[in-house]
Amino acid sequence: MKASTINENEESELWSGGNKPLKASYGKMMMWFFIVSDALTFTGFLVSYGFSRFKNINSWPIADEVFTHFPFLHGVDAPMYYVALMTFILIFSSVTMVLAVDAGHNMNKSKVAFYMFLTIIGGAVFVGSQAWEWKNFIKGEYGALETRGGQILQFVNSDNGKRASIREFSKSIPTDRSTHLNSKGIWFFGESSLPTVSLLEVKEGFKSDNNLLIRTEYLDDKGQKIVLSREESLDIIEQAQIVVEGANLIRNEYGNRLFANFFFFITGFHGFHVFSGVVINIIIFFNILIGTYERRGHYEMVEKVGLYWHFVDLVWVFVFTFFYLV
Amino acid sequence: MGAEHKLEIFRGLLKFKSNEQKIWGVLIFLSIVTIIEVGLGIIKPAFLLESFLQMKILNWIFVFLTLVKAYYIAWDFMHLRDETSGLVNSIVLPLLILIPYLAFILILEADYIYDIMQAGFQSWNF
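Residue numbers (this note's numbering), protein chains in the order written: chain A, 1 to 326; chain B, 327 to 452.
Worth flagging that the hints you see were computed from the coordinates, not collected in a lab.
Since we're looking at a predicted model, the values are computed, not measured.
Some clues are possibly wrong.
[Claimed, not checked] Below, computed lysine to aspartate or glutamate pairings styled on DMTMM-like, alpha-carbon distance capped at 25 Å:
(1) Lys332/B <-> Glu346/B
(2) Lys225/A <-> Asp441/B
(3) Lys225/A <-> Glu168/A
(4) Lys20/A <-> Asp441/B
(5) Lys382/B <-> Asp220/A
(6) Lys28/A <-> Glu294/A
(7) Lys370/B <-> Asp209/A
(8) Lys162/A <-> Glu238/A
(9) Lys111/A <-> Asp437/B
(10) Lys382/B <-> Glu65/A
(11) Lys28/A <-> Glu346/B
(12) Lys162/A <-> Asp209/A
(13) Lys207/A <-> Glu191/A
(14) Lys382/B <-> Asp64/A
(15) Lys23/A <-> Asp441/B
(16) Lys162/A <-> Glu191/A
(17) Lys23/A <-> Glu300/A
(18) Lys203/A <-> Glu168/A
(19) Lys225/A <-> Glu376/B
(20) Lys109/A <-> Asp408/B
(21) Lys382/B <-> Asp221/A
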């Protein structure tokens, strides 16, 4: 009886030309074509990231020092653990998706629905994790100064080599300077917010604490950031122009400006893919519940969104490697 | 629909009884690879930090393990293993030709620009 059902389906899956090229249904093949073109789009992004990185190979930020947060562990240095967790979440939601496809082959409606539900949860958790990651990245941790040439100057304690936060060592100097709103002056000038400490406060605080040194964005041959001597530090801090806290599309406290731009763009584009995947999965999920595919006689739709979902997972594997590991 | 699944991975070294078992097997394999990657990334063994072909050996290992993971995701989760070789080739070959090509020309160019910025008369740190 089962065999006859399969034959019926195969007949209904013929393309208009009367056959079935490469033994794949039309929808599935078009999904594959989309995935190939989308893979090339991501290639373009990741390769241009590689281009910028090799172009600035001696001054690129070290990912281990940027992504150090883990939920509920405040002040604990946890490089990469969180992204690793995100990777597991996404791989696991991929697995539940394959299980849903597999259950679809066996026409087991309740099982397909259950696994689709788990997949949606996994995707939602992943998108939420990425939002949290962005929040930490945008907020920043230690703060830095930027020189006229656009180089980032960070601060370290000379005794233990740990990073120093500009909000902690800067001197408090009263000032009348307030946020310039365009309602209070020329309308086309304005600023969104002032840094929590001013350039003068950071400079004075740095000069009064002999324990502090400046760390440049340049790497030595061991791949560590070069730390200047106290004299060099006092010399170079005079070139500082702006206080940088956290990250935006113009500058970031981690180092090279392009680093934050690529981070926002590539993880953002990937996150948008995950988000659309979750939305499509939800639509499919409700279609399963109301029995659309049961009536159609097959669950190929689940297989097609499954392909997309695995592709998103596949891209994350590459983003994970090139942004966080390498 | 109802297509037969090939249940072997590692060139037949490991054969599963059902498709569902194979999925869990691949999950375990992918998890192990990810744990190795993260472990290496945290420990950073000194002997792997030597440079090889302009990149640290460790980074080459990461790229290789990523490709291994990509293979198993595509072949088992996206069940390319069960498709006809024509479909597999028409998907994989364009990517296999275009991606290394693009990566090669752009990274070579980036390396050239890096050399120019180091050796040129222009100061980039002012």
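Hints, verified against the model:
no., hint, result
1, Lys332/B <-> Glu346/B, "holds, 12 Å"
2, Lys225/A <-> Asp441/B, "holds, 20 Å"
3, Lys225/A <-> Glu168/A, "holds, 22 Å"
4, Lys20/A <-> Asp441/B, "violated, 54 Å"
5, Lys382/B <-> Asp220/A, "holds, 14 Å"
6, Lys28/A <-> Glu294/A, "holds, 19 Å"
7, Lys370/B <-> Asp209/A, "violated, 33 Å"
8, Lys162/A <-> Glu238/A, "holds, 23 Å"
9, Lys111/A <-> Asp437/B, "violated, 52 Å"
10, Lys382/B <-> Glu65/A, "holds, 18 Å"
11, Lys28/A <-> Glu346/B, "holds, 21 Å"
12, Lys162/A <-> Asp209/A, "holds, 15 Å"
13, Lys207/A <-> Glu191/A, "violated, 28 Å"
14, Lys382/B <-> Asp64/A, "holds, 16 Å"
15, Lys23/A <-> Asp441/B, "violated, 51 Å"
16, Lys162/A <-> Glu191/A, "violated, 32 Å"
17, Lys23/A <-> Glu300/A, "holds, 14 Å"
18, Lys203/A <-> Glu168/A, "holds, 13 Å"
19, Lys225/A <-> Glu376/B, "holds, 17 Å"
20, Lys109/A <-> Asp408/B, "holds, 23 Å"
21, Lys382/B <-> Asp221/A, "holds, 11 Å"
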